[in-house]
Amino acid sequence: MNSSLRQFMPERADRYFSGNSAQRAVARTLFESVADLPLICPHGHVDPLLFADATYHFESPAELFLIPDHYVFRMLYSQGVSLEAQGLAVNEGEDASKVESNHRKIWQTFAEHYHLFQGTPTGLWLRDELHDLFGITEKLTPSNAQSFYDRIADRLAAPEFTPRKLYEQFRVEALTTTDAATDTLEHHQAIRDSDWSGRIYPTFRPDKVVNGIDQPAWKEQIDLLCAVSGIDIRDYSAYISALESRRDFFSEMGATATDHAAETPFTEVLSPSEADAIFQRGLAGKASAADARRFTAHMLVEMARMSSEDGLVMQLHPGSIRNHNAEVFRRFGADKGADIPHALDFTRNLKPLLDRFGSHRSLRLILFTLDESTSARELAPLAGHYPILRIGPPWWFYDSINGMQNFFAQVMETAGIYNTVGFNDDTRAFASIPTRHELWRRVACDWLAGLLVEGQIDDDEAFAMAHALAYGLAKEAYGL
Amino acid sequence: MNSSLRQFMPERADRYFSGNSAQRAVARTLFESVADLPLICPHGHVDPLLFADATYHFESPAELFLIPDHYVFRMLYSQGVSLEAQGLAVNEGEDASKVESNHRKIWQTFAEHYHLFQGTPTGLWLRDELHDLFGITEKLTPSNAQSFYDRIADRLAAPEFTPRKLYEQFRVEALTTTDAATDTLEHHQAIRDSDWSGRIYPTFRPDKVVNGIDQPAWKEQIDLLCAVSGIDIRDYSAYISALESRRDFFSEMGATATDHAAETPFTEVLSPSEADAIFQRGLAGKASAADARRFTAHMLVEMARMSSEDGLVMQLHPGSIRNHNAEVFRRFGADKGADIPHALDFTRNLKPLLDRFGSHRSLRLILFTLDESTSARELAPLAGHYPILRIGPPWWFYDSINGMQNFFAQVMETAGIYNTVGFNDDTRAFASIPTRHELWRRVACDWLAGLLVEGQIDDDEAFAMAHALAYGLAKEAYGL
Amino acid sequence: MNSSLRQFMPERADRYFSGNSAQRAVARTLFESVADLPLICPHGHVDPLLFADATYHFESPAELFLIPDHYVFRMLYSQGVSLEAQGLAVNEGEDASKVESNHRKIWQTFAEHYHLFQGTPTGLWLRDELHDLFGITEKLTPSNAQSFYDRIADRLAAPEFTPRKLYEQFRVEALTTTDAATDTLEHHQAIRDSDWSGRIYPTFRPDKVVNGIDQPAWKEQIDLLCAVSGIDIRDYSAYISALESRRDFFSEMGATATDHAAETPFTEVLSPSEADAIFQRGLAGKASAADARRFTAHMLVEMARMSSEDGLVMQLHPGSIRNHNAEVFRRFGADKGADIPHALDFTRNLKPLLDRFGSHRSLRLILFTLDESTSARELAPLAGHYPILRIGPPWWFYDSINGMQNFFAQVMETAGIYNTVGFNDDTRAFASIPTRHELWRRVACDWLAGLLVEGQIDDDEAFAMAHALAYGLAKEAYGL
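Chains as they are written, first to last, in my numbering: chain A, 1 to 480; chain B, 1 to 480; chain C, 1 to 480.
Check the hints yourself; a few may be wrong.
Pairs involving identical chains hold if they fit within one copy or between any two copies, as the list cannot separate such chains.
As the list claims (entries may be wrong) - Here are the simulated lysine-lysine pairs, BS3-like style, with alpha carbons at most 30 Å apart:
#1 K336 x K98
#2 K336 x K351
#3 K286 x K351
#4 K351 x K208
#5 K475 x K139
#6 K219 x K336
#7 K219 x K286
Honestly, the hints are just simulated from the structure, not real lab data. Because the structure is a prediction, the values reported are computed rather than measured.
Isolated chain A (complex conformation) (with noise of 0.2 Å):
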């Protein structure tokens, strides 16, 4: 019976492309212009040390895909497959018995629920990776499982198969890592001290000394931040010579960037004395939940001042509701795919930090969403206005197909390409970055090839603006 639709099925090389043949023919024309172009990744979370130890080895097929990927194992997760089952570790003091140690039983639980992925962009990436970096063209099912782990074990022994070397492979020509204020990004001075030439630069993310003034971990966090940057901070003004001494190594090590979290892009001016007031209140132990509001929105403000100072490009990334699963956070700790995005107000939210920076002319900030109501409404209207603003690619739920095309539907008439940002992947699976920047180039080039045959751009334009999108703007953006 199913043979029948096979001829209906596209070549592998058009895949993702639209099924009009019109728009198909062009979108390949322009992903051939594109294909082959160095990969620029300005935002990401893989772990330095992959870079730092030549001979670094991924551990296993389920180290490499699936215990690290909140992507999947959330998924499993919703469906009744525990967290344990599928091999993350529990918590100090939570019960730690019934985490599933053998890679190959982890391995397999994913075979028997890979069809819960069908029409997902995690289906899709990991198809594509199995196929482009292993050669598996067979869909994964429960009784092949066990020969694909020991093809695709194999091949993570292989000497070819280090972060370093594939690097290379990969055509990567910068990846930045995502760092605390107060990591002493040794794996980085390792590479700087290394004869590789691979360009791995830090970002500074401060989340964590400036979010949370209210909770303990805050405290700990200033308590190493004086440690690394070697200032006593008593107060505000030590905090801010702290964040600007920190933002200077980071600087002098690579960074071309900032990062900064918030659960909104709320923003507010303090005065020096209501900052350190709070402040104060921070380091007793009595800041309200008010005042962290307050200090996160302040923060991002400041952060803003620090940027058009130093000019590191300063991105926001608003929007999550983190660790909304009180029971997995509690068990299993952060980022264990329970982080739930809501509505969020851009508009009114950044006001205070646009009245101060908006026009200013040596500060950028990339903005991301996670409400794609946003997108048109609110993000596009500022960036086609201010000139400090660019909007960052779709992120994290919206890494896909559709998202990549509400994308260009609800960003473009309004903003332009020239306000926008190109892709970058948010990954720590290493692996997984070509497969994600081919997917983008496809995409944008589909959208291209779209506009092409409805008469809006021509040719000229659209290779231009396909080059632009897979890698001109993302280099040109954050200066690597």
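With chain A fixed as given, assemble chains B and C onto it according to the hints.
Using the frame of chain A, we list chains B and C on its own:
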């Protein structure tokens, strides 16, 4: 002039499929594979009397198609046709002199405004029902309206046109009704006592004894609850006992689910003493609007608790401001096409419930929305993580081709299809049920065809997903 | 390399139609049936002086296309080109030394940034205007910019290039302007006094005497209102009388509509004494921001009351935070491309107005939105029920191909096309009017073509709907 376009209109068998010939061919093949599957109708509003009375016949074409259908009469009302002219009864005490009782006249008025439904789902349903049930292939016009009326009326009077016979003709496998907590389920009992083997089950919908504790009507409902439960409800714990007793009765009568409507998905856990204090104020007629809001929020959690114990699948339908038109509500009562959606927040509002029951092993909570902006932003991430959650199909204003296409585009990438529950028709119009399911199946198959021609899924996956969306998911989700 | 794509670019006659050949063929036929219909322009911002002065000529290409167009200059501003360099005048007291007065230089700067408009509606409008009005078929580049400037300037100076002659050439049937409540309508009087038969009518827009009662500027406007009405406005009832008197004057001058902008659609009914108390605080310069918000809300209901009596169609344009960029507002004034939308709630905010007038027999209220998430969720259900409501076309940032496609997809299934009001160009750029209407007609016909090839509508319906969307609905809705 028109004839030049006729050639581009599809065969009837291909309606609602893409204009792209490859996608259409795939959609047709997929649809053929599911077209004859039985219908699972796990949520709707058909009157069980239709099946309790073995000889029930529909009164007239106007009674079948127009008078009970808020999709129809609100559209004519929006264009200046009074509700009286459409045969809607007024409340006691209101002037009934202008209520049209001649069903032929009502039908004629409808035919004169039939163009209002161009490009609407109501227009498609009506057209397809006229075709499939009555063999009418021409378009309804003012001039053919009376002859169509005759044809339909003749058929309605035919011996085979009883709901029981239609149930079999439609290949319904199971159908649930929606019933107040205080309902005696006498019609369901009559069906069980009969020799007819159709599977008609009740659904426990306690809104009237849960919502509006600040309204006089609530107290009347509690009196009814006392009467049917045989429990003297003088405090909150007796109230809970009465509800549990009613749930047990519904379960005995075949119910597998409950249903809950609320203006928002706000949940909150009250202490027993707080809950009882509000309850006592309700009994005394002294509850406030804030009391009502909190009591509903608390009772949603309490209903989840009961479902976790008795296994009834819980459904939540939030987001409609009911009876928005004050004048229409006063004169004609509830459900007159004036229920208007508003923006929702599931992420924060559901957290108290999810903190208690989000990972429960034997609870299932199906969420519906009237705010499409929550689909990708909140529902898909929530259902893609929490084991208890599933996402209900596009509801009400979104039970349409665009609504379904948006649903597929917005939900599936993050949640996967297996965190959704297939289709339900949610209708009180029994005769429209096959039409609605066919529309869903067509649109679902067309979506899958699009994924296939774009290389996102293969043929095996497409057939499996088509079956799940058309039949399997609904059956499994509701245990039918 | 590029030539391989040329073959896939459509004929100019097929631009903005689907790439699907069947849909395109249908769209072309439908478009041909409406392409030559007269233009109804029921809402816009063209200066009536253009028609009062029989010999008016546009000053230069920069004056025609660039300097007054906030779509254009905000885009260049967002990429670092100052507003001064684009020829925008600064406010009194600001440094005017850098304002470019050489229109050739402004044009050149624009040409050097023309790529910013790739894939934007502004890019399409400009391209089509250059083609249709000036016969320019090549793309604007820095190197051809000056020769194009010459060609355009020559044509602008030609005797047939007056607004009155263009009005006829464009086949405009009626065009309305937007005028302050205090406007003397002298240009409209001059048109009426002339021998020219063009139909140019005013629209009553009282924002400046209604909004901002807490601002000094409001009091100045009230003084103006006293002067033009001849009424000594010392209390709320005199204020109402003055407004009613102005509305009568506008009606006499041909107005058929009013227009109202507000940050939100919030409505509220104040008692006469409350209204007068706020009004008195406003006169005394002591009104608060809360007063201003409530007064606007009340006045929207009051304007609905007046419309129900004098028959002027009421338009409501909510949702923009005006003059978001504080620095640009201070230096350049209002309307400089820094008006940013935010999330709206029509459902609750309009209820007080609808409670009073929702089912009125002789009132029409047309709603516009800048928050697309309200289209399917709120506007379509509201307009699909309330007799007084109609939905205005996609506005501002949504006056684009995607905006129109979204509008059709989000509004029509629930509201039907007959609860919408066709198109309006909403522009101050008179020469762009045919281009904008043609874009709308093309996109509307393509939408209908999609419905036809998918079997949702037949050919008769498609032709009727195309005519309504292109012409009939706007004419009927505004009584033009």
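Hints and how they fare:
| no. | hint | verdict |
| --- | --- | --- |
| 1 | K336 x K98 | within (17 Å within a copy, 55 Å between copies) |
| 2 | K336 x K351 | between (33 Å within a copy, 16 Å between copies) |
| 3 | K286 x K351 | both (29 Å within a copy, 26 Å between copies) |
| 4 | K351 x K208 | both (24 Å within a copy, 24 Å between copies) |
| 5 | K475 x K139 | between (36 Å within a copy, 27 Å between copies) |
| 6 | K219 x K336 | within (24 Å within a copy, 45 Å between copies) |
| 7 | K219 x K286 | within (11 Å within a copy, 46 Å between copies) |
When held up to the earlier numbered hints, the structure conflicts with none and fits them all.
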